[in-house]
Structures are given as structure tokens and as C-alpha cells.
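Starting from the given sequences, assemble the full structure and let the hints guide the process.
These protein sequence lines map, in sequence, to chains A and B. Okay, so the first sequence: first residue is -13 according to my numbering, each after it adds one. Okay, so the second sequence: first residue is 0 according to my numbering, each after it adds one.
Don't take each hint at face value.
As the list claims (entries may be wrong) - In silico lysine to aspartate or glutamate, DMTMM-like type, Cα no more than 20 Å apart, as pairs: (1) K52/B to E38/B; (2) K176/A to E85/A; (3) K19/B to E53/B; (4) K150/B to D119/B; (5) K173/B to E211/B; (6) K195/B to D142/B; (7) K207/A to D26/A; (8) K9/B to D98/B; (9) K19/B to E73/A; (10) K28/B to E45/B; (11) K17/B to E73/A; (12) K195/B to D158/B; (13) K68/A to E211/B; (14) K52/B to D96/B; (15) K173/B to E73/A; (16) K176/A to D158/B; (17) K9/B to D41/B; (18) K9/B to D96/B; (19) K2/B to E38/B; (20) K9/B to E73/A; (21) K247/B to E211/B; (22) K114/B to E85/A; (23) K2/B to D29/B; (24) K68/A to D18/B; (25) K9/B to E50/B; (26) K176/A to D154/B; (27) K247/B to E197/B; (28) K173/B to E85/A; (29) K68/A to D119/B.
Source of the hints: derived by calculation from the structure; they are not laboratory data.
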Amino acid sequence: MWLSNSSIGRKVVMSVTGVALVLFLTFHMSMNLVALFSEDAYNMVCEFLGANWYALVATVALAALFVIHIIYAFWLTMLNRKARGSERYAVSQKPKSVEWASQNMLVLGIVVILGLLLHFANFWYKMQFAEIIGDHFLGEFGPTDGAAYIAYTFGCPVYVVIYLVWLLALWFHLTHGFWSAMQTFGWSNKIWFERWRIIGNVYSTLVVLGFAVVVVVYFFKSLC
Amino acid sequence: MEKIISFTLKIWRQNGPKDKGHFDTFQMKDIPGDTSFLEMLDILNEQLVSEGKEPVVFDHDCREGICGMCSLYINGHPHGPATGATTCQIYMRRFNDGDTITVEPWRSAGFPVIKDLMVDRSAYDKIMQAGGYVSVNTGAAQDANAILIPKTAADEAMDAASCIGCGACVAACKNGSAMLFVSAKVSQLALLPQGKSEAARRAKAMLAKMDELGFGNCTNTRACEAECPKNVSISNIARLNREFIKAKLKD
Ligand code: HEM
Ligand code: SF4
Ligand code: FES
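This is the structure:
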């Protein structure tokens, strides 16, 4: 199968799962913004995406995307380290055009995983998971009271800082990932390379800012 | 006024692929600025020979930037600090009095060291043999003139064809990937009518060979194009990806 036994095929799997995750992030971010306008509307969304069959199917599909992306990430990194060999240059200098993020995608991805685990503990476990097992008192609030969980979590400055660092890592991952995925699909040339990079930077910045603004607004709300 | 410099050379010595290897240090005195980097190594080797010591082994041939043999990793850059130039095209005036200049071989699993600074780049020949050619006779110059080729396509093909197969792209790549080389060799033919008909087969065969020989998976870091002495662009890699994915989807 070319998606596993050729280098370009493996990269295509990375890109397809990566782009699908970017679309998921966009959707998740838009949902979060609802909380800024109306907490009732946000809780309605939470209810809608609780333990219903369609939300569960989507969750499983999403989890599969993550798992594939992560397995391939470690696999590619392993293959690449082997191809690079064990000898290291005594002196080596990074050319200016090489982005830092492009050489640290795995590290950034691992930070994303760590943030994700915390995020599961803060929200998912107490919300969707609580509904799945039918224990509605797993968390501090009801499983569909998302707005209360947001206010609760981001009232704590430590969580605010951790979530912002998490988002920053995601931003770096996406600024490289976006154009890299287009390049991997072959949808690039000298002109489109520059365009994808700008589109990718603007898009990642908007998505990450969308997430960050909810965190920051709720933090300031908790102060007054 | 002519620049004359004295400096310290740190050169990698390794007796064979299995040897551990180490750095040797040499003091170079009063080297004129218009000595080329390879001539400077010649001067060093003459000194070593006259002292009865073993000269440093390094690859070279044309000494004018067209054969791609002079594979040296100088002060952290393949082909040294210059951009768009091979090792044989850089001159000592680029360095300063009192500098320490570190010279290493390409370090990548695909290019094992033969001795000192010389590496085995025959993997590139194997990739070329896998499909880097046109298998029909395309005629003589007048036949080429009978086929109209858009200027933009001709220019891009020529830019890709400027690749000299030096291996700096692999040497620069943290993933040990040969994608810039393979993509240049696929593009130089895929862009022209004579090469187009075999483009899919060529892309598949050359990429399969590259993977088989153990080169890495390209993660688009762009170190290759920054260090390539011929400024080959990663837009060629996008073209290779496109050709390859199209071919696989059709199968
Ligand atoms: C929301 C989460 C994530 C999104 C949206 C995302 C998105 C992307 C995108 C679009 C790419 C570029 C694909 C390509 O050029 O082939 C990519 C590459 C990569 N991702 Fe992720 N990613 C996410 C999470 C992760 C995680 C958790 C890891 C785990 C370690 C990870 C590791 C990597 C690595 C190593 C690459 C580079 C692979 C390569 O270029 O070959 N990512 N990611
Ligand atoms: S693409 Fe550039 S760096 Fe790579 S082999 Fe060709 S000339 Fe050398
Ligand atoms: S010796 Fe031929 S390119 Fe340098």
C-alpha cells in the first residue's frame, strides 16, 4: 500500500489527517466563541454534542485522526533519524529560510498531546464522558453546563497560562503544517508557496486567537 | 590591497566507513585571498606529503562548479558559507585572519564515508538508473526545434537540470532526504514533451529507489534549497509529489 510503504504516501497520510484536524479546530473554535455571546446558547451546543450517537461517531472519527497522525509522526521521525545516521556535524548552522517550527514538529506535537490530556481532564471527562457512563455528578457541574466549566477552569491563572502555552505550540505547529500539507499534496509552486504561507499564517493566527480570546475573557471575568 | 590570511583548519579524518574518525588540526600560514578553497587544501596536502604524513583525502574533479564532486561541509554549511556556489567556487578571501575553519564530510546514512572527507554518493547513480532518463531516441537538435515548448516550461526545466548531483541537499537535511535531487531529476524531464510520456513511471521508479536506499521522508524544512549550490527550488518537490500522487491514484 503506497500510503505506508512510500515516503510520499506516508507524508500524504500526515497531511490528510493534519488538514482534517485543522478543520476540526476551526469548528471547535467557532463553537467556543458562542460562549462569549451567550452562555445559554453555548450550553445548548454542549447539550447537542453530548452523548448522542452522532456526536459519539464524530468523536471516534476524530480520535482515529489523532491516533493516525500521532503514530505516523513517531514513525516518520524514527525513519528519518535512521536515514540521517548516527554521525552529527561538529559545527552546523541553520540557514535563515528554515523555520524553527519545521524542525521541531514532533516536539510541538508532544506539547499538543500534553495539553490535550489536561484538556480531557478539565472538560471532556466531566462532560461527554460523564454522560456516556451516565454519572452526571462526575464533575463540579452538570455535564452540559459547558459555560460553567469554562468559567471554573479559566478562573485559575495557572490553567490560563498552561492553555496559552498550549495554544502557542499549536500556532507554531500550524504555521508550518499548513503550507507543508499543501506542498505535500503537490498543490504548490513558486507563486503558490508564498500564498499558502501567508494564508497559513493568517489562518493559524485567527484560529489560535479565537481559542485564546475565550480563555483570556473568562480569566478577566473571574477577576471582577 | 590583497588579503593574506593565517588560520586554523580542523579537518575530519576517518580511515574507512567503519572507523570512528576524529578531527586533525592544522595551522595554515599566509594564504592569499585569491586561493580557492580546494587549492588551499592542495597546499595543505603538499605540506603533509613533504613532512612524510598522509595527505587529506577529498573529492574533486572539474573545479568549476559543474561536476558536483567537491562535497565538503565547511563551518556548518554544505559547500561553505557562500550561497549558490560549490566548494570549488569559494575563495579564501571569504574567511578572516585567525579564523578556525571546520571541514567535515557529508554526514548522512545514505552517503557513507570512504575516507576522510570523501563519501560514497553512488546511491544517486542508482536512483538515476532507476528511471532518470528518456527511453526513446528523441532525435537531433533540428527535431527538438520542431517541437514548440513554452518559454516558462523550458526555463523551469533548465533550472531543474542545473542540479549537479552533489548531494548537498541530503547533507543539509535533518531527515537525510534526497527529495530535492530526485525532484530536480524528475522535473527536468517531466516539464518537456520528450519526457512527459514517461513522467508517471519515472516518478514512481525513482522515488521507490530513493526509499529503498534508505533516504528519509521530506518534512519540508527547506534546508536543502537554502544550501543547494544551484539554487534548485522546492517547487520541484511539489511537482514530484504531484506526479507521484497522480500516478498512484491512477493505479
Ligand atoms: C490539533 C492537532 C494537530 C493539528 C491540527 C496538526 C496538523 C498538522 C499538519 C497540517 C501537518 C503538516 C502535514 C505535512 O506536511 O505532511 C502536521 C505535521 C506534523 N505533525 Fe501535526 N497536527 C496536530 C497534532 C499533532 C500531534 C499531537 C503530534 C504528535 C506528536 C503531531 C506531530 C506532527 C509531526 C511530527 C508533523 C511533521 C510530519 C512531517 O512533516 O512529515 N501533530 N500536523
Ligand atoms: S539539488 Fe542542489 S544540492 Fe541537491 S544534488 Fe542537486 S545541485 Fe546538489
Ligand atoms: S569540483 Fe566539480 S563542482 Fe566542485
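Status of each hint after checking the structure:
1. Of the supplied pair hints, the one linking K52/B and E38/B holds, its CA atoms being roughly 18 Å apart against a limit of 20 Å.
2. Between the alpha carbons of K176/A and E85/A the distance comes to roughly 17 Å, so the proposed pair stays at or under 20 Å and holds.
3. Note on K19/B and E53/B: the hinted pairing holds, with a Cα-Cα distance of about 18 Å set against a maximum of 20 Å.
4. Taking the CA atoms of K150/B and D119/B, the gap is near 37 Å; set against the 20 Å cutoff, the hint is violated.
5. Between the alpha carbons of K173/B and E211/B the distance comes to roughly 18 Å, so the proposed pair stays at or under 20 Å and holds.
6. Under the criterion of a C-alpha separation no larger than 20 Å, the hint pairing K195/B with D142/B is consistent with the structure, at around 16 Å.
7. Taken as a hint, the K207/A and D26/A pair is honoured in the structure, with Cα atoms around 17 Å apart against an allowance of 20 Å.
8. Distance check on the hinted pair: K9/B and D98/B sit about 11 Å apart at the alpha-carbon level, within 20 Å; holds.
9. Restraint check: the Cα-Cα separation between K19/B and E73/A comes to about 10 Å, which is no more than 20 Å; the hinted pair holds.
10. For the hint linking K28/B to E45/B, the alpha-carbon distance of about 14 Å falls within 20 Å, and the restraint holds.
11. Taking the CA atoms of K17/B and E73/A, the gap is near 12 Å; set against the 20 Å cutoff, the hint holds.
12. For a cut-off of 20 Å, the pair hint linking K195/B to D158/B stands: about 17 Å separates their Cα positions.
13. Among the hinted pairs, K68/A with E211/B is consistent with the structure: their alpha-carbon atoms are about 13 Å apart, no more than 20 Å.
14. At roughly 26 Å between alpha-carbon atoms, K52/B and D96/B are farther apart than 20 Å, so this suggested pair is violated.
15. Taken as a hint, the K173/B and E73/A pair is honoured in the structure, with Cα atoms around 12 Å apart against an allowance of 20 Å.
16. Distance restraint check for K176/A and D158/B: the Cα-Cα separation of roughly 13 Å lies within the 20 Å cut-off, and the hinted pair is therefore satisfied.
17. With a CA separation close to 15 Å, the supplied pair K9/B and D41/B stays within the 20 Å bound.
18. Taking the CA atoms of K9/B and D96/B, the gap is near 15 Å; set against the 20 Å cutoff, the hint holds.
19. Between K2/B and E38/B the alpha-carbon distance is near 16 Å, which keeps this suggested pair within the 20 Å criterion.
20. With a C-alpha separation of about 17 Å, the suggested pair K9/B and E73/A falls inside the 20 Å cut-off, and the hint holds.
21. Our distance criterion of 20 Å between C-alpha atoms is met by K247/B and E211/B, whose separation comes to about 17 Å.
22. This hinted pair does not check out: K114/B and E85/A have alpha carbons roughly 34 Å apart, beyond 20 Å.
23. Restraint check for K2/B and D29/B: satisfied, since their Cα atoms lie roughly 9 Å apart, inside the 20 Å limit.
24. With a CA separation close to 19 Å, the supplied pair K68/A and D18/B stays within the 20 Å bound.
25. With a CA separation close to 18 Å, the supplied pair K9/B and E50/B stays within the 20 Å bound.
26. Distance check on the hinted pair: K176/A and D154/B sit about 13 Å apart at the alpha-carbon level, within 20 Å; holds.
27. Taking the CA atoms of K247/B and E197/B, the gap is about 14 Å. The hint holds against a cut of 20 Å.
28. With a C-alpha separation of about 13 Å, the suggested pair K173/B and E85/A falls inside the 20 Å cut-off, and the hint holds.
29. A C-alpha spacing of about 17 Å is found between K68/A and D119/B, which places the hinted pair at or below 20 Å, so the restraint holds.
In terms of the numbered hints stated before, the structure departs from hints 4, 14, 22, listed from lowest to highest.
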